[in-house]
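> The residues making up each chain are set out below.
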Amino acid sequence: MREITLSQAVNEAIAEEMRRDASVFLMGEDVAEAGTPFKVLSGLVEEFGTERVIDTPISEPGFVGLAVGAAMTGARPIVDLMFGDFIYLVMDQLCNQAAKQHYMSGGKLTVPMVLRTNMGATRRSAAQHSQSLQALVAHIPGLKVAMPSSAYEAKGLMKTAIRDNNPVVIFEDKLMYQDKAPVPEEEYLIPFGVANVKRQGTDITLIGTSSMVQVAEKAAEILALEGISAEVIDPRTMVPLDEATLLESVKKTSRAIVIDEGHQSYGVTAEIASRLNEKAFYHLDAPVLRMGAMDVPVPFSPALEDLTVPTPEQVAANARKLCAGELIHAA
Amino acid sequence: MAKAKSNTEDYLRMYRQMVRIRTFEDNANQLYLSAKMPGLTHMYSGEEAVAVGICEALTDDDRITSTHRGHGHCVAKGAEFKQMFCELLGKAEGYCRGKGGSMHIADQSHGNLGANAIVGGSMGIATGSALRAKLQGADDVTVCFFGDGATAQGLMYEVMNMAALWNLPVIYACENNGYSEYTKTEEIAAGSITARAEAFGIEAHRVDGQDVLAVNDLTRKLVARARKGEGPFFMELMTYRYHGHHVGDINREYYRSKAEEKEWKENRDPIIRFRAHLVSEGIATEDDLDAMNAEVEKDAAEAVAYALDAAYPDASEVDMHVFAA
Numbered sequence: 001m002r003e004i005t006l007s008q009a010v011n012e013a014i015a016e017e018m019r020r021d022a023s024v025f026l027m028g029e030d031v032a033e034a035g036t037p038f039k040v041l042s043g044l045v046e047e048f049g050t051e052r053v054i055d056t057p058i059s060e061p062g063f064v065g066l067a068v069g070a071a072m073t074g075a076r077p078i079v080d081l082m083f084g085d086f087i088y089l090v091m092d093q094l095c096n097q098a099a100k101q102h103y104m105s106g107g108k109l110t111v112p113m114v115l116r117t118n119m120g121a122t123r124r125s126a127a128q129h130s131q132s133l134q135a136l137v138a139h140i141p142g143l144k145v146a147m148p149s150s151a152y153e154a155k156g157l158m159k160t161a162i163r164d165n166n167p168v169v170i171f172e173d174k175l176m177y178q179d180k181a182p183v184p185e186e187e188y189l190i191p192f193g194v195a196n197v198k199r200q201g202t203d204i205t206l207i208g209t210s211s212m213v214q215v216a217e218k219a220a221e222i223l224a225l226e227g228i229s230a231e232v233i234d235p236r237t238m239v240p241l242d243e244a245t246l247l248e249s250v251k252k253t254s255r256a257i258v259i260d261e262g263h264q265s266y267g268v269t270a271e272i273a274s275r276l277n278e279k280a281f282y283h284l285d286a287p288v289l290r291m292g293a294m295d296v297p298v299p300f301s302p303a304l305e306d307l308t309v310p311t312p313e314q315v316a317a318n319a320r321k322l323c324a325g326e327l328i329h330a331a
Numbered sequence: 001m002a003k004a005k006s007n008t009e010d011y012l013r014m015y016r017q018m019v020r021i022r023t024f025e026d027n028a029n030q031l032y033l034s035a036k037m038p039g040l041t042h043m044y045s046g047e048e049a050v051a052v053g054i055c056e057a058l059t060d061d062d063r064i065t066s067t068h069r070g071h072g073h074c075v076a077k078g079a080e081f082k083q084m085f086c087e088l089l090g091k092a093e094g095y096c097r098g099k100g101g102s103m104h105i106a107d108q109s110h111g112n113l114g115a116n117a118i119v120g121g122s123m124g125i126a127t128g129s130a131l132r133a134k135l136q137g138a139d140d141v142t143v144c145f146f147g148d149g150a151t152a153q154g155l156m157y158e159v160m161n162m163a164a165l166w167n168l169p170v171i172y173a174c175e176n177n178g179y180s181e182y183t184k185t186e187e188i189a190a191g192s193i194t195a196r197a198e199a200f201g202i203e204a205h206r207v208d209g210q211d212v213l214a215v216n217d218l219t220r221k222l223v224a225r226a227r228k229g230e231g232p233f234f235m236e237l238m239t240y241r242y243h244g245h246h247v248g249d250i251n252r253e254y255y256r257s258k259a260e261e262k263e264w265k266e267n268r269d270p271i272i273r274f275r276a277h278l279v280s281e282g283i284a285t286e287d288d289l290d291a292m293n294a295e296v297e298k299d300a301a302e303a304v305a306y307a308l309d310a311a312y313p314d315a316s317e318v319d320m321h322v323f324a325a
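Protein sequences, first through last, are from chains V and D. Numbering (the UniProt record's numbering) for the first sequence: 1 to 331. Numbering (the UniProt record's numbering) for the second sequence: 1 to 325.
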């Protein structure tokens, strides 16, 4: 199978859906000729023109608000939010407007829009360009949250997001845009709410999101050399969450670590760990451990920034201890 | 008062719609004061000529976005009393199955995209609706209602910039009732309101919001031009709210005098003025209009009685409509 980058996969997904459905359009800062600073959308304006690939002013609440209104009245906008950090700017439009329209109208209004943005530290971009805000969005009822972990996942999840009749926020990891993976030529979609068991194991379950799936897989390789069999699961979507697959795995392995790049406190890892504790408590041989980013603004200095994000070695070390029956207190 | 036209039917419908709004509000106020209505509500009485003058220039395909003071827009855009009162009382037969209430009432069947409890919150939605119309080659126009208080919100400037850049078919209708909640607008708004739109190259008009024909004439012209791609436009409608910021705001002399309220109610009331015009032009007699008022009051009383007896939504609805299928 051919291998393409995550960036190309997202580009293909959007192009295919724009060809399929005339109501899909794209808007955001520097999306047209520039194709975004990450070049993810390069070439789309040549095929679809400036009517459907719209460069906006630097007005995040404004253009996200426009997307909400366009979606409510029959279009299917894809909004490019250049950095995930800008989610703070658009919270009213996303959380008060987009998320609640369907519910507040008793099911009469729908908001089929996609907000694609990014997340992730370790690019030396400092505190206002390095955040992972998926937990913030996942906290709001009415918003779906997808986190692709590879080019294959990115394409399939993006196509599903565009066809979904709800507001969907997709967080892509900035460090993964150039990562290649096998992606079929033929069309496929990845349904929301179906986790992917990336690696089978029997001793411990490692649940990772986005780039933390790679971290979990590397940890599993380290552990395998020591005779510890780790199962690795990518939930793919935080909302809806495939709780059943996670519970099934934990009931088999009786131990789990949840890894996400958002801050650890009140985060995605806390939510998943808590559900496993509530629903699989008597199957567990150890408390479910969570590993998020440190609760600090992301520092600039490489020497400091690298300390803030979970590493395969740290995950393996914690897994080793859990499997040996040692109690670990989460940070 | 703008010059009379020959269209009797239109005039009588506009009068009736203004009376329907006033009657709806009087009933809603009573429901609230008698503790039969839960939550918060914000009365539109006094501003009827704005909603009616504008919405009578629109079709069901044209969209509006509304404000937390949204009952008047909802009635003017064609909504029915029964579903409206049911919504205000949180009943299952309400326009939003009781999930929206006064501050979120929407009526998609007539193009009302909904009231919004965030001041200025619907400006993006209205402009996005207009962007969709342009992209899809549709000829509908969207009117964005908002108050003078909302002109202090940054979102307005972001969306007016884009609307002007892309010639979107949207009309920004600023209902200037002189007060941002409990504060005189002149204390918190610098410069002129129309100049805010003019800064983006948007054609802006100031109009007497108590004169339904003046509002209607201007809106008809602007809607026709917006359909042809000449938009966006901005209207500042000078009006007045008779009640407080919300129904509980009763003792308000600390920010607004009784004399001022009396002046507007007695000398600038949009219904009294239009009624006098209809009679003096021979379009209707006092008796005709009294009969119309009585009919509207009867409709409202029946709708209130119906809504009071109507069923609340079943408990199973509480987690319905979080997500669309």
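Just so you know, the hints here were simulated from the structure itself, not pulled from any lab data. Treat each hint with caution, since some may be false.
Below, computed lysine to any residue pairings styled on SDA-like, alpha-carbon distance capped at 25 Å [claimed, not checked]:
hint: 1; chain 1: D; residue 1: 134; chain 2: V; residue 2: 55
hint: 2; chain 1: D; residue 1: 134; chain 2: V; residue 2: 180
hint: 3; chain 1: V; residue 1: 108; chain 2: D; residue 2: 92
hint: 4; chain 1: D; residue 1: 134; chain 2: D; residue 2: 257
hint: 5; chain 1: D; residue 1: 228; chain 2: D; residue 2: 242
hint: 6; chain 1: V; residue 1: 39; chain 2: V; residue 2: 252
hint: 7; chain 1: D; residue 1: 134; chain 2: V; residue 2: 15
hint: 8; chain 1: V; residue 1: 108; chain 2: D; residue 2: 289
hint: 9; chain 1: D; residue 1: 184; chain 2: D; residue 2: 257
hint: 10; chain 1: V; residue 1: 108; chain 2: D; residue 2: 257
Footprint (simulated), chain D over chain V, 3 or more residues, beta carbon under 8 Å [to be verified]:
hint: 11; segment: 214 to 220
hint: 12; segment: 272 to 284
Cβ atoms here follow ideal geometry from the backbone N, Cα and C, with glycine treated the same way.
> If a hint holds in the structure, say so; if it doesn't, say that too.
Each hint tested on the structure:
1. D/134 with V/55: Since the Cα atoms of residue 134 of chain D and residue 55 of chain V sit roughly 16 Å apart, the hinted pair holds (cutoff 25 Å).
2. D/134 with V/180: Distance of about 38 Å is beyond 25 Å: violated.
3. V/108 with D/92: holds, 13 Å
4. D/134 with D/257: The given pair, whose Cα atoms are some 46 Å apart, is violated under the 25 Å limit.
5. D/228 with D/242: Distance ~37 Å between residue 228 of chain D and residue 242 of chain D Cα, so the pair is violated.
6. V/39 with V/252: violated, 43 Å
7. D/134 with V/15: Since the Cα atoms of residue 134 of chain D and residue 15 of chain V sit roughly 21 Å apart, the hinted pair holds (cutoff 25 Å).
8. V/108 with D/289: violated, 36 Å
9. D/184 with D/257: holds, 12 Å
10. V/108 with D/257: Violated, at about 42 Å.
11. 214 to 220: violated (count 0)
12. 272 to 284: Our answer is that it is violated, as 0 residues pass the Cβ test (under 8 Å) against chain D, missing three.
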